[in-house]
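**Student:** One letter stands for each residue in the lines below.
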Amino acid sequence: MSTGARPTHDDAPLLDPELRDDVRLAAQGVVAGYPGAEPVLRGADLTITAGRRVALLGANGSGKTTILRCLAGSHQPSAGRVLVDGAVLRHDRSGLRRHRQRVQLVLQDPDDQLFSADVTQDVSFGPMNLGLGVDEVRERVDEALDLLGITHLAERPTHQLSFGERKRAATAGAVAMRPAVLLLDEPTAGLDPVGVEEMLAALTRLEDHGTTVLLATHDVDLALAWAHEAAVVQGGTLVQGPADQVLADADLVASARLRRPWVLDVQAALHGRGLLTAGTRPRDFDTLLGALAPPQTGPPPQTGTPPLTTPALTSPPLTTPRPS
Amino acid sequence: MSTGARPTHDDAPLLDPELRDDVRLAAQGVVAGYPGAEPVLRGADLTITAGRRVALLGANGSGKTTILRCLAGSHQPSAGRVLVDGAVLRHDRSGLRRHRQRVQLVLQDPDDQLFSADVTQDVSFGPMNLGLGVDEVRERVDEALDLLGITHLAERPTHQLSFGERKRAATAGAVAMRPAVLLLDEPTAGLDPVGVEEMLAALTRLEDHGTTVLLATHDVDLALAWAHEAAVVQGGTLVQGPADQVLADADLVASARLRRPWVLDVQAALHGRGLLTAGTRPRDFDTLLGALAPPQTGPPPQTGTPPLTTPALTSPPLTTPRPS
Amino acid sequence: MREVRERPETKLLLGAAGAFTFVLSAIKLPSVTGSSSHPTGTGLGAVLFRPPVMAFLGTVVLLFQALLLAHGGLTTLGANAFSMAVVGPWAGYAAYRIATRAGAPLLVGVFAAMCLADLATYVTTALQLALAFPDPVSGFLGAATKFLGIFALTQVPLALAEGFLGVLVMRALTQV
Amino acid sequence: MTGLAVDDAAWAGRWRRRAVGDKAVLSVGLVLAALLLPAWPGTVLVAVGALATAVLGARVPARLMARTLRAPLVFLAIGAITVAVSVSREHGLTVTADSSRRALELFGHGIAGTLALLLLATTTPMVDLLTALRRWRVPDALIEVASLMYRLLFVLLTTVATIREAQANRLGYDGWRTSFRSTGALTAATLVRSWHRARALEEGLAGRGYESAMVTLAPPLRHSPRFVAASLALVALVVVASVLVAGVSS
Chain A
1 MSTGARPTHD DAPLLDPELR DDVRLAAQGV VAGYPGAEPV LRGADLTITA
51 GRRVALLGAN GSGKTTILRC LAGSHQPSAG RVLVDGAVLR HDRSGLRRHR
101 QRVQLVLQDP DDQLFSADVT QDVSFGPMNL GLGVDEVRER VDEALDLLGI
151 THLAERPTHQ LSFGERKRAA TAGAVAMRPA VLLLDEPTAG LDPVGVEEML
201 AALTRLEDHG TTVLLATHDV DLALAWAHEA AVVQGGTLVQ GPADQVLADA
251 DLVASARLRR PWVLDVQAAL HGRGLLTAGT RPRDFDTLLG ALAPPQTGPP
301 PQTGTPPLTT PALTSPPLTT PRPS
Chain B
1001 MSTGARPTHD DAPLLDPELR DDVRLAAQGV VAGYPGAEPV LRGADLTITA
1051 GRRVALLGAN GSGKTTILRC LAGSHQPSAG RVLVDGAVLR HDRSGLRRHR
1101 QRVQLVLQDP DDQLFSADVT QDVSFGPMNL GLGVDEVRER VDEALDLLGI
1151 THLAERPTHQ LSFGERKRAA TAGAVAMRPA VLLLDEPTAG LDPVGVEEML
1201 AALTRLEDHG TTVLLATHDV DLALAWAHEA AVVQGGTLVQ GPADQVLADA
1251 DLVASARLRR PWVLDVQAAL HGRGLLTAGT RPRDFDTLLG ALAPPQTGPP
1301 PQTGTPPLTT PALTSPPLTT PRPS
Chain C
2001 MREVRERPET KLLLGAAGAF TFVLSAIKLP SVTGSSSHPT GTGLGAVLFR
2051 PPVMAFLGTV VLLFQALLLA HGGLTTLGAN AFSMAVVGPW AGYAAYRIAT
2101 RAGAPLLVGV FAAMCLADLA TYVTTALQLA LAFPDPVSGF LGAATKFLGI
2151 FALTQVPLAL AEGFLGVLVM RALTQV
Chain D
3001 MTGLAVDDAA WAGRWRRRAV GDKAVLSVGL VLAALLLPAW PGTVLVAVGA
3051 LATAVLGARV PARLMARTLR APLVFLAIGA ITVAVSVSRE HGLTVTADSS
3101 RRALELFGHG IAGTLALLLL ATTTPMVDLL TALRRWRVPD ALIEVASLMY
3151 RLLFVLLTTV ATIREAQANR LGYDGWRTSF RSTGALTAAT LVRSWHRARA
3201 LEEGLAGRGY ESAMVTLAPP LRHSPRFVAA SLALVALVVV ASVLVAGVSS
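The listed protein sequences derive, respectively, from chains A, B, C and D. Heads up: the first sequence begins at 1 in my numbering, then just goes up one per residue. Heads up: the second sequence begins at 1001 in my numbering, then just goes up one per residue. Heads up: the third sequence begins at 2001 in my numbering, then just goes up one per residue. Heads up: the fourth sequence begins at 3001 in my numbering, then just goes up one per residue.
Chain A extracted, bound-state conformation (with noise of 0.2 Å):
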């Protein structure tokens, strides 16, 4: 283990969400379950700082799904606290709403949330339910269709719809909440290369509107690449800590049913060899690359090879300090 990776549990005092102002959303020591089984949770915490990127990683069942319905609101957890902007979520009925009006999770089957006929009526939803005037209401439709790229849908009957524009329509209609933090369920999954850079390209849109992003996935090269930070479930607690410390760290990736990013083999695999030198770790294929020598002046390999591009992933920039 390298020290580095566990810092909610290793910086303890300074990190405490309770006295830093810039916490957006926070859980402490979460015990979480269903009836009739042992908890997933037990004791899980995870830090949401305003404006960095979490990426949530873990097995098929090991409660990433339960952490994020806990820092919703939508599950209760057994012991431990959930803390918004540095107060105790209570699960009372004023409690909620309030919570509700900062924190929104987007599902991971947009089958199963979108519930109206037709997508402006679905992504209404919300709003209506703050008691907003009409065209208050329009107005925060319009601009959730237009940051998720969907505006030509608004129309559109819900099951016409393919899926990544369900999946789309399903995170507009947590958009149009204007919530602070905004978490997704594996907002990328099913889709194909290009729909993921549009949902990734849309959340960057969000983030411009002052919205921090949480999500949770599988996907490993896209966590690395796109979040400022990595928690991984696993035995029931979370790690957490810088994306490319934790992604690196063999056993713990190893035990959560993960693989470390394949820009991190490559990476050790050149250093190991003497082709690159010492240095940060990359977070994607551009930073790798920025770190070899120049290409010689001959010409390309293969014909048809296109002038090189990297997934269009926007990656955070590493000069970023992590506070402590």
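Any given hint could be a false lead.
Label pairs and their calculated CB-CB ranges [stated by the list, open to error]:
#1 P2157/C <-> E1038/B: 49 to 55 Å
#2 V31/A <-> A3052/D: 33 to 39 Å
#3 T1151/B <-> Q160/A: 41 to 47 Å
Sample of chain C residues at the chain D side, in silico, Cβ under 7 Å [what the hints assert, rightly or not]:
#4 K2011
#5 L2014
#6 A2019
#7 F2022
#8 D2135
#9 L2165
Hints are computed from structural coordinates only; laboratory data are not their basis. Just so you know, even glycine gets a beta-carbon here, dropped at the ideal spot from N, CA and C.
Since chain A is already given, all that's left is putting chains B, C and D on it; use the hints.
**Tutor:** Relative to chain A, chains B, C and D alone:
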């Protein structure tokens, strides 16, 4: 376009599926779609040869599932035909009955195939429909559960299974029919990385039993590492060829809303920098490493870096020549 | 039954319809008092699937409720099956036909169907109970008054709620 | 996965592999005793017998039994109170010794019968019961529809739970009017989904050779003459004891 990437169009006479006795299943000029819309497929060709793995790729909504349904006999093309073992599939009762003993399709959502209360009952459904005796049915069920690695789930109620378990149970239901060709729609979608490996290991066991496997996926890296051939749905037709050729075709890949596998990107970059000698395209990390210089004797750069292991994909032997 | 034999695919539709009826009765209806109750759903089912089909589906749903949820108990299954699976659907369906024949809009018909199916179910149950437990002083009529009185408190609001629910559901369905 | 507690217990229980007929002898025997024996002490003996067999014999969690009993208890209590109170024009509402005795009897019969039936419900998965019904000459088509209902209801329960959660996240159950609108949308969406499910499942099954019958391997269940003998002995013991006690006290 590299000339090798569209063999079904270019080398027509020799590749005619009717003339080659190792062709197990083929689609020829298939036009298919759904009422009230333009056809999704407008002249699609696909050839499945005994023992050669095919990965079917394409955007969401491009027609991947439709071609699978045509090949399985559950969707009747409005033009074109499906050949099985050299004979044209007829969509009458006896034709379909025979077809279903040769070709099985596993749908993406396991809940669309599981109808029984427990796993054994469900898996036994297909063999029972074949009119086999109870002992023979039981033997087939045991074999299918064993191949999928879910013998321990035999008596579990279907509704208590996790998503990954239901996926394997649904696959076992198709496997118990002992098909010559198994078609799988997104068998790895939604599974964690280790779950993906387990599913692929199960498919390898099936191949050892003489089943030829086609899988539809969005994962270009998996397709390159696993498949002999890739078939990309694009503009209502299919482009089929050796996986490394098809997936290296930047234009084709981009127009099908896919991206190039990272191994090919890395290889091109290393080659452009003179770090790799020209050679066959790598299919996975192992092959890529093999083409690199051997590691230096110095210590590995990061503590905790394990001996480099590749994702446990069983890559096909690269020496197998494409018959032509 | 005959339908099922002739067209095997209706088996799946019936299975789904029955499962839906079960699930519907597990959906909590919001109520004014804050407590919640469950709709019977037989009125909507009768309009959508016809009363004879509902009689069979309703009986199986009752069996499932008795065994999976311990609702009511199988000891009263016979009585319940009659009131919930037979009387309810027919009363609801009749209300629906009469309303729509009389030129009322579809939604009014659905409201009447849901509302009356629910009420008829409970009136029948009350009468059955009164038959089984006649009042020692005032006999069957007194007992019937008692049981109907109890049900009026709980079931009339529920029947109205169910009627409104039917309208909302129908309106949503006609938009699809 | 959305589960139902009684169903989960039935699948996990120690008596899962016992023949349905064997368990039915015990449960039905006790149900008949609960209904036909004099309320004192017959229904008490049946209730104790059923509860003890379930918890000690079949190892059904006692907490589950208690939780499951709650709803029928309320229902029976309301019924019993209604019977206890007499109405008449002359006296208004009155409670007589006779009417309260009848109320207690009703309550006793009801609780004992419910417990005797719960014994079967918590030890026998629905699918086993349906398979047994097939053997007892209930038409196949009906059994198959019921079996499909069993499978699909769990799929739909998951759908309902997910839609409800998605609605609640967007404040869909905040206030009465909103809740009502949400419940309507939830019901309609579930209905549409169940249609889609049926269509998709039909195709999935057709691909596996479904033509008209849904035949599968039946789960292997063990018939045990000793279990049946013990069950009959228990029922007989309850009957004899209550007849003796009732005879002495009258």
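**Student:** Hint by hint, note whether the structure agrees.
**Tutor:** Status of the hints after comparison with the structure:
1. P2157/C <-> E1038/B: 49 to 55 Å: Since the Cβ atoms of P2157/C and E1038/B sit about 52 Å apart, the hinted range of 49 to 55 Å holds.
2. V31/A <-> A3052/D: 33 to 39 Å: 34 Å, holds
3. T1151/B <-> Q160/A: 41 to 47 Å: Between T1151/B and Q160/A, where Cβ atoms are some 42 Å apart, the hint holds.
4. K2011: Hint holds; K2011/C Cβ to chain D Cβ min 6 Å, cut 7 Å.
5. L2014: 5 Å, holds
6. A2019: Status holds, d = 4 Å.
7. F2022: F2022/C check passes; min Cβ-Cβ to chain D is 5 Å, inside 7 Å.
8. D2135: 5 Å, holds
9. L2165: 6 Å, holds
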